[in-house]
Amino acid sequence: MTELTHSQIEHFIAEGFVRIDAAFPRSLADEARAILWRDTGMAPHDPRTWTKPVVRLGQYGQRPFVDAANTPVLRAAFDQLVGRGRWQPRTTLGTFPIRFPSPDDPGDAGWHVDVSFGTENPDFMEWRVNVTSRGRALLLLFLFSDVSETDAPTRIRAGSHLDIARQLAPAGEQGLTLRELAANGFAETARRPQVLATGEAGTVYLCHPFLVHAAQPHRGTRPRFLAQPPLLPTEPLQLERERGDHSPVEQAIRQALSGASDQRPDPG
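With the numbering used here applied, the sequence shown has no gaps in its numbers, which climb one by one up to 268 at the end.
Calculated directly from the structure, the hints in this document are not laboratory data.
This structure is a prediction, so every number in the text was calculated from the model and none was measured.
Idealized CB from N, CA, C, for every residue including glycine.
Treat the hints with care, as some may be off.
Unchecked claim - Taking CB as the label site, the calculated pair distances span: (1) Asp123 to Gly259: 33 to 39 Å; (2) Asp46 to Gly259: 54 to 60 Å; (3) Phe117 to Gly58: 17 to 23 Å; (4) Pro170 to Ser27: 44 to 50 Å.
Can you build the whole structure from these sequences, using the hints too?
Encoded structure:
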């Protein structure tokens, strides 16, 4: 695949994400995972050393990470979803929450959206997001290991980005804090169907920045390696463009604010 199809772009606008299989080679995932294993201080083949439910590592800029983030298929998809020239190439891959099989609560499995500015505040619950997604063009989920339904895949509430856009719009440029957004536990998105971010190593999920998602405890047998960097913009999103060349990220927000119905039956 060299570019996203029309149906994939429509799915992104309506559901808030698109999955790309084999977005980067498995060989790069294997190289990167070897580096990450070394830094965990744990042994790949000795579960007795897997003493924590989650280990966070971050900002890896070595060749396998940078190459994985900049494949032709991903760069083409970024152009299609965000707009040519409107995003910054990744030079690192952000945070790696590495999840290990464990009966313990990882302590970070709540529903949320990734906030994108105001990060100078020491209280991360005061970090902010606004309706034009200042500071973030996409949320990216890079699978560096095979992830099945039992390997603690990220949970996604499909279509929830539309609910969040409507919630953010009245707050204008200053937006809302994570504390304000989470005040009701994201109840307004609870009706949305849940999708699990599963796939083989090399799979990447390209997500709308407003997509509500969550981690979960690992009840499987093999550790899960995933990176979750933002795609940073080169310019602010614009919901009113003179030429009407809105990106799919912008189109989704415009659709949410237009009053168009996207109600689903209650999954019950």
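Verification of the supplied hints:
A C-beta distance of roughly 35 Å is found between Asp123 and Gly259, which places it inside the suggested range of 33 to 39 Å. Taken as a hint, the range 54 to 60 Å holds for the pair Asp46 and Gly259, whose Cβ atoms sit roughly 56 Å apart. For Phe117 and Gly58, the Cβ-Cβ distance of about 19 Å falls inside the hinted range of 17 to 23 Å, so the restraint holds. Between Pro170 and Ser27 the Cβ separation comes to about 48 Å, which falls inside the hinted range of 44 to 50 Å.
In this structure, none of the earlier numbered hints is contradicted; all agree with it.
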